[in-house]
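Chain residues, written in single-letter form:
2 protein chains.
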Amino acid sequence: MKNYLLTPGPTPVPLEALEAMARPIIHHRTPQFQEILKEVEENLKYVFQTKNPVLILSSSGTGAMEGVVASLLSPGDKAIVVRGGKFGERWGELCAAYGIEFIPVDVEWGKALDPQAIKKILEKEGSKVKGVYVTLCETSTGVATDIEKIAEITKDYESVLVVDAISALGAVPLKTDEWGIDVVVSGSQKGLMIPPGLAFVSLSEKAWKLAEKSTLPKFYFNLKAYKKSVEKNDTPYTPAVNLVIGLREALKLIKEEGIENLINRHRKNSKAVREAVKALGLELFAPDAYSEAVTAVRVPEGVDGGKLVKTMRDKYGVAIAGGQAQLKGKIFRIATMGYITADDLKKGFETLETVLLELGYNFEKGVGIKTLEKNLV
Amino acid sequence: MKNYLLTPGPTPVPLEALEAMARPIIHHRTPQFQEILKEVEENLKYVFQTKNPVLILSSSGTGAMEGVVASLLSPGDKAIVVRGGKFGERWGELCAAYGIEFIPVDVEWGKALDPQAIKKILEKEGSKVKGVYVTLCETSTGVATDIEKIAEITKDYESVLVVDAISALGAVPLKTDEWGIDVVVSGSQKGLMIPPGLAFVSLSEKAWKLAEKSTLPKFYFNLKAYKKSVEKNDTPYTPAVNLVIGLREALKLIKEEGIENLINRHRKNSKAVREAVKALGLELFAPDAYSEAVTAVRVPEGVDGGKLVKTMRDKYGVAIAGGQAQLKGKIFRIATMGYITADDLKKGFETLETVLLELGYNFEKGVGIKTLEKNLV
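Taken in sequence, the protein lines are chains L and W. Its first residue numbered 64, the first sequence is counted upward by one per residue in the numbering used here. Its first residue numbered 64, the second sequence is counted upward by one per residue in the numbering used here.
27 Å max Cα-Cα, derived DSSO-like pairs, lysine-lysine:
#	chain 1	residue 1	chain 2	residue 2
1	W	LYS187	W	LYS212
2	W	LYS370	L	LYS295
3	W	LYS149	L	LYS290
4	L	LYS287	W	LYS391
5	W	LYS391	L	LYS295
6	W	LYS295	L	LYS373
7	L	LYS378	W	LYS295
8	W	LYS291	L	LYS370
9	W	LYS287	L	LYS149
10	W	LYS291	L	LYS391
11	W	LYS238	W	LYS315
12	W	LYS391	L	LYS101
13	W	LYS291	L	LYS373
The hints are simulated quantities; they were obtained by calculation from the structure and are not laboratory data.
The following block holds chain L by itself, in its conformation from the complex (with noise of 0.2 Å):
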């Protein structure tokens, strides 16, 4: 059976990169690699628009996160944490660790937030808050935030804004600097198509200012020492060095395609997917503050929502992703990031209507496919 992967990470990894993480490997010490990492670091920088340097981590997103925390933070500030969703609680969870106290924005899991609010308590706390930390697409529930508006905010107070682009980078519109954002952090198997493993982080020269300052303990995290390595072309600790050689395939791509063309596929694929989900009357999680990345959908009353993934991925080799948390059993979430692609999209949805029906639910068989194609890319 062949199998598609519609989840929001890990994402399909393009032949290209699957071959060249094949090949033999090589030590990392040497011209030879430092020439593939010179590549890739310009081209993240590409990806990310910026022209800070962006540093490359050998972990999941989460390892990136808490580097952001510990390599910026100190004993005694505070930190605003926006909580949306699962990912924006891990912030929390991030400083709560540390003993960071934060402050947090919770919005209701599926609706946006309102910027203001980050306002309201900068205005409050003035320079005693050093960190607004929000998510940019919330993986958990499909929700983007206007990282812009936050970022007209924030520039005018001492906080640097940072924010989790894990599964939104290369998918959600993120203009680093031409907006304002001193710390985006992204991970490796969401938009930029390569296997887990690779964690990425930029950072402006605010925030390096504030990294310079910064007495939380850490080491293998310590940005600073990402920094003086990436000015060689290398790296502090051993690299994974085959996903950084998958990661080299995968930006080529990424260039040959261009970034507008990029944002433009998963805005018109996303948008695709919402109106299809529509047409079989079920109900978008989010609808007003939806991303381009991954769509979570109400599973309708009646049917088993975890029955539902499983006999999609089982049966018929598709994996989509539940509900995590409190949304267990009650959304489905179907990505449209990185490579997956048009046709990808149409099995998805070929194999959800079947197994829609199969579960009992009711709809006019086809519709959800017909007014994909009429949407896709």
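Use these hints to put chain W onto chain L, whose structure you have.
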């Protein structure tokens, strides 16, 4: 040009593992991946020679080293750190990063540790010392430490014994449970034969009890989270999926060979390297404390050590390692670990002889290879 990797990590990756890593990626929160994790975890226990769970972290070995500092210790605890090379020093740097006072046991680089030095400190400091941090094979010098003797000492104290076996596991004898070692740390790109990006930790009951009380800040490297997950064949954060899948193949090869045969092969091949080095009139850097994983050799007078390594690699495609830190240019290192075969070593010595002659070092051509072949498995 075909490339040969005789470096102490990364080591060559078997084709079986390369092929497995190039398969289309699968999602990690599925019964399919859990089954793989279960097999990998079982086989890791076999290689670690322990009945305790072996935790799988997505990071370099240094990340796991950080995990066993931050997850075991608390402010006010003391540690003993054996420093006989770059990686022993890393234990000290890690303790310092977390504000842990450590008592260094400094061993001249290239020399063996006298385990009694540890006993003396434990006698004096008593229960204030919570961890003894040592390196089984110090990759930077090729020295192996007598862990069995140290474990005999630590078992009578409150302190746990933590062993960095990153470049030693599967090459240097290490009987975790039989010898009573509390914590063993390893990495993927040495004896385990896959690319870098995964790290491993096993902990004894005594170590888990210490972990329960630990209050140092941590998140991604909080081993308690991994313990909870490993019981369900899961991971707390997105794992490096394709490296785990590659590891499954590498572990199958190890099980087929058998751990005793594996260790014997390393013993014989490393002895062959030492004999061949001596036949060439070269001096071993650590004649009395060599390891089965990597052999360090003094660069003979009149030869440029950097040029030796560079010429072998760039002109002949044979990668060996130079010296690190204070040994830069003064030694070169030939690994015998993992998938480095007898043929690889022959090619390595052929090239070493060729380049030594090119660089003006005199010896009877062929005497190195002849001696090597006589002693190889």
